[in-house]
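Engineer: In order, the protein sequence lines correspond to chains A and B.
Quick note: the first sequence uses this note's numbering, first residue 4, plus one each step.
Quick note: the second sequence uses this note's numbering, first residue 4, plus one each step.
By construction, these hints were calculated from the structure, which means they are not laboratory data.
All residues carry an ideal CB built from backbone N, CA and C; glycine is no exception.
Just to be clear, a hint being listed does not mean it is correct.
[As the list claims (entries may be wrong)] Covered stretches of chain B, going by a simulated chain A footprint (3 or more residues, C-beta under 8 Å):
id : region
1  : 86–99
2  : 135–146
3  : 213–225
Protein chains: 2
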Amino acid sequence: MIAAEKGAYFDEARSAEIVIDRNADCPDARLAEIVAVVVRHLHAAVKEIDPTQEEWLQAIAFLTRTGHMCNDWRQEFILLSDVLGVSMLVDAIANRKPSGATQSTVLGPFHVADAPLLPNGADICLDGKGEPLLVRGRVTDPDGRPIAGARLDVWQANDEGFYDVQQKGIQPDFNLRGVFETDAEGRYWFRAAKPKFYPIPDDGPVGQLLRRLGRHPYRPAHLHFIVTAEDREALTTHIFVPDDPYIGSDPVFGVKESLIADFVLRDDPARAADLSLRNPFWEVEYDFVLAPARAAAG
Amino acid sequence: MIAAEKGAYFDEARSAEIVIDRNADCPDARLAEIVAVVVRHLHAAVKEIDPTQEEWLQAIAFLTRTGHMCNDWRQEFILLSDVLGVSMLVDAIANRKPSGATQSTVLGPFHVADAPLLPNGADICLDGKGEPLLVRGRVTDPDGRPIAGARLDVWQANDEGFYDVQQKGIQPDFNLRGVFETDAEGRYWFRAAKPKFYPIPDDGPVGQLLRRLGRHPYRPAHLHFIVTAEDREALTTHIFVPDDPYIGSDPVFGVKESLIADFVLRDDPARAADLSLRNPFWEVEYDFVLAPARAAAG
């Protein structure tokens, strides 16, 4: 028996292969494939790192603290995935866009499903804080044809760097959130506040890791969008403020060059009055290009 | 600013490199090195797996459940490391033995620091269960010279597959545990019970994973040893029972061929009486070879 099963015993050189062989009876081919890739890379990483037993225990303790930090309103493993660039990589892989379509970025933890549908021109800034902002643009297909009736679900942090859901009872409900629908020419417009940078939650093990890596926790200022339309692939993305001090060092790697919009400061009292905005105000024009819906999986 | 920091924005092809560059200011060179290896393999694994967003969320949820399962007496991340072969790989890397020295294997979670020092010949089986076993052998250096005064800290599960610490109040305290010291000829001997296979804790996410992979949770029967002596490298290892049904499929990959001992059934009423063992009894003879202590790190 020993000789026959010799291949089953641990051997440093063949370590990954031995573990993968053990999963040969897995009835779920996709799971077996995923675990095989994970085992191969995990073993290769351990061999490169050449850890001491104490370093391995520190890694175990880090994962344990990360797990213990997770609860219904805090997902520290997603945060870990974010700061290691894995969330953006998965987003890139799972949401490939055809050439010409607006690129996606991470959803983030602060979307809510039931933001109010508002008429174009509405002001989502309910706390009156921050510099006034006009956001406008079009939703089109890759050939530039307007898409009427497209929906834009928008949300952003307030002037102090917090989302309404982080400050329930302090900010008005649905502050800086709303859903807008494009008109017959594919246009949308609404009033908001110029967003500011804010830190990712950094009071847990992921924040500690960032500090030990010499990194800061500040996400550059952005507005979130989910743009949907009939027969179009849904788009989850941000638009970023270009003059943010952290634009080149987003801790979650969410910035793509094509998502950096042009924010222009307007000093135009007459137009401000027309728009019911304080003068001066910021204006950003950004067009979203939606890819055709993918064929349903066969 | 945008152009100058262009390299900082996310790019699928260069994703790992971008994350690693971000850690350039890390003041801890070893941490930076470890994180760079982890990021490179994590990104390569994600690219190979080509996950859906849903699969990524399932991975996040699995890690979260694993973290939530950990408490003061249960370490589910170590268990995960075990069943993926990582613990044995780290053991192999961190405890390289010179040729001729007895090989190491995993410590496991059931060692206690304060087992009693017993005279050679003592019976550590305090619950009277199982088949009687005589364990004996020598501790030597790689040239076969006996080491007197070496200590062997031994522990094993009882005939029902539980360690005393898993059944406090049910098993006698320190059942199947003891520390022995070699005599002038390097010999040790004690009485015990023939060990049986037992399951790793399989009521958590790691147990679920094993089942989904088509694997069983049963560790083949073994005795644990930590063998120490002056000027010698400490050895943490097991000896395994060769006729165990799971000898070729240890879920934690702890078996090495050189650690499979020879367990012989003796039918010898006179010798049994001399040894105060019931007849027939099992006998295993196993010699431990200790490497010289490594020079202190410089």
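Engineer: Next step is simple, just say for each hint if it's right about the structure.
Structural biologist: Going down the list of hints, with the structure as the test:
Counting residues of the region 86–99 of chain B whose beta carbon lies closer than 8 Å to any beta carbon of chain A gives 12, which reaches the threshold of three, so the coverage claim holds. Coverage of the region 135–146 of chain B by chain A is violated [criterion: at least 3 residues with CB-CB distance below 8 Å; count 0]. With 4 residues carrying a beta carbon less than 8 Å from a beta carbon of chain A, the region 213–225 of chain B meets the three-residue requirement, and the given coverage holds.
Going through the hint list in order, the structure does not satisfy hint 2, though it satisfies all others.
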